[in-house]
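Trainee: Chains as they are written, first to last, in the working numbering: chain A, 1 to 308; chain B, 1 to 243.
Since the hints were derived computationally from the structure, they do not count as laboratory data.
Ranges between beta-carbon positions, derived for each pair: (1) Pro54(B) to Ala111(A): 23 to 29 Å; (2) Asp21(B) to Val287(A): 52 to 58 Å; (3) Gln131(B) to Phe282(A): 45 to 51 Å.
Over 12 Å on every C-beta distance to chain B, these chain A residues come out as not near it, computed from the model: (4) Tyr21; (5) Ile96; (6) Asp128.
Beta carbons: idealized from backbone N, C-alpha and C, even for Gly.
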Amino acid sequence: MKTALAVIVAAALLPLIAGEYYVNLASQIVIFAVFAASINLLLGYGGLPTLGHAAYLGVAAYLSALLYLKLHLAHWAIAPLALAGTTLMAGVFGLIALRATGLGFLMLTLALSQVLWGTAYRWVSMTDGDNGLRGLARPAPFGLNLNEAMPFYYFVLAVGVLAVWMMARFVASPFGATLRGTRDQPRRMSALGYDVWLIRWITFVYAGFWGAVSGLLFVYYHKYIHPVSLSLANSAEGLLAVIAGGSGTLAGPLVGAAIVLLLKNWVSAYIERWNMLLGFVFVFIVVFMPEGVVPGVRRLWRRYASRA
Amino acid sequence: MAALRIQGLKKAFGGLPAINDVSLEVAAGERRLIIGPNGAGKTTLFNLLTGDLPRDAGSIALFDEEVSRFSTSRRCHRGLARTYQIITLFPQDTLEHNVALSLLGLSRERWSMFGRLPARFYADARAVLAQVGLEAVAHRPIAEVAYGEKRRVEIAMALAQKPRVLLLDEPLAGLSREERGKVKAVIGAIPRETTVVMIEHDMDTALDMADRITVLHYGRVIVEGTRSEVVADPKTREVYLGH
Numbered sequence: 001m002k003t004a005l006a007v008i009v010a011a012a013l014l015p016l017i018a019g020e021y022y023v024n025l026a027s028q029i030v031i032f033a034v035f036a037a038s039i040n041l042l043l044g045y046g047g048l049p050t051l052g053h054a055a056y057l058g059v060a061a062y063l064s065a066l067l068y069l070k071l072h073l074a075h076w077a078i079a080p081l082a083l084a085g086t087t088l089m090a091g092v093f094g095l096i097a098l099r100a101t102g103l104g105f106l107m108l109t110l111a112l113s114q115v116l117w118g119t120a121y122r123w124v125s126m127t128d129g130d131n132g133l134r135g136l137a138r139p140a141p142f143g144l145n146l147n148e149a150m151p152f153y154y155f156v157l158a159v160g161v162l163a164v165w166m167m168a169r170f171v172a173s174p175f176g177a178t179l180r181g182t183r184d185q186p187r188r189m190s191a192l193g194y195d196v197w198l199i200r201w202i203t204f205v206y207a208g209f210w211g212a213v214s215g216l217l218f219v220y221y222h223k224y225i226h227p228v229s230l231s232l233a234n235s236a237e238g239l240l241a242v243i244a245g246g247s248g249t250l251a252g253p254l255v256g257a258a259i260v261l262l263l264k265n266w267v268s269a270y271i272e273r274w275n276m277l278l279g280f281v282f283v284f285i286v287v288f289m290p291e292g293v294v295p296g297v298r299r300l301w302r303r304y305a306s307r308a
Numbered sequence: 001m002a003a004l005r006i007q008g009l010k011k012a013f014g015g016l017p018a019i020n021d022v023s024l025e026v027a028a029g030e031r032r033l034i035i036g037p038n039g040a041g042k043t044t045l046f047n048l049l050t051g052d053l054p055r056d057a058g059s060i061a062l063f064d065e066e067v068s069r070f071s072t073s074r075r076c077h078r079g080l081a082r083t084y085q086i087i088t089l090f091p092q093d094t095l096e097h098n099v100a101l102s103l104l105g106l107s108r109e110r111w112s113m114f115g116r117l118p119a120r121f122y123a124d125a126r127a128v129l130a131q132v133g134l135e136a137v138a139h140r141p142i143a144e145v146a147y148g149e150k151r152r153v154e155i156a157m158a159l160a161q162k163p164r165v166l167l168l169d170e171p172l173a174g175l176s177r178e179e180r181g182k183v184k185a186v187i188g189a190i191p192r193e194t195t196v197v198m199i200e201h202d203m204d205t206a207l208d209m210a211d212r213i214t215v216l217h218y219g220r221v222i223v224e225g226t227r228s229e230v231v232a233d234p235k236t237r238e239v240y241l242g243h
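Please build the complete structure, drawing on both the sequences and the hints.
Mentor: Structure follows, in structure tokens:
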């Protein structure tokens, strides 16, 4: 708890010492951290590896953009509609994807998100295809102007903290304990009276909801949406962030998101072949900390402390 | 009233019948032992009873309620509990958490998404662990306790649910003489409100504990009766001794 508070305080102080570029980068990290944390609900706590989670980020972003551009609705109406629509879609996708587990689940989530990605590309009259949707604006909750980097960062940080706190409560609850049980011993859980499928479906929908929240923040940040937001690459980056940071831990996806975004945005400014570096970093993590950075660092710290 | 009534139960894997037209009836409060050589279909029978495997034909009734179409979890809520031949626990969690998870399975609080698991679940779990002599290690992770203790946790998890019918799949398998004694005492202390059906290979120990015995062979019931009836039946000797 103390560590969490220290991280929040440090994050809140960041705009006071960092320039606009870094504040914007921090906003992107928080948005991506919410996205990765929602994947972690499925992968880390439910044992359900997904390669289609960008569907919820992308659909929430597209719904928000379309409601703004086509129906000219206000942001206060758009946000709940986009979240509700995307969560409903997660409910339907869950009915399909949860007919399988393991690799079958992975392939079904991938296939469903690819359908949406293809639709976003080809339905030009609605999505403007490869051009994407532009001309979007950020909301102004309670009259706050979020167009500057700093206020937008604080807005994203507030939503991010709320999201991670809600997910932390979820996994620490009795339901969270049953979810971990279905990950470790699904057959035993059925024999103990748990409806394993329903537990997984509820988690799938909940993770979809938080994926949608990250999508809203994403479209607010960029004021633009493109089919690539629905792509396999976007889903895979989220999955890699969770694995790199440490699945099944609360801090893991946040650290993983920071690693991925820093490598993508900061290191790429100095190193031309930054993709190669990203690959090396993942190989390094998998070889030396197969459980992920957060559990790996904890393990090394325990070893160091026991020797000291 | 029969606690368990099975009629014409069938299950085949590919073309190979594993359970072939099995019918049997277990009275309420009875201790029933299921024996038979390897491959006789004993564990498959348990898996059909709990719904872990779908049946090909036949019916299963629990206290006169037809449960054949019920899911595994629903059968559990109707009072059917089991242990596994291969230990199936949550190794990273403590003993008390394992048992608390069992208690939570029948509670509405299992759907609580934003609270904490109430302390009473752990208190109740420790009380159940005390029944099987494991209260001293209740806080230790499953991965750190001995095999025999894991066997007792399996039984504790089933007993925690106060089942009406308890299926024990080889509860003495792989245990030392001392551990067998402890597990046998735990099984012996189960109240008669719970009907017990047990698969066991250790005949010397298991025969003492049974009211009636069913012998399975190639997925069929070949002998059923009291201890003396089954031991005296030539079909039992043929199955076990080959003559």
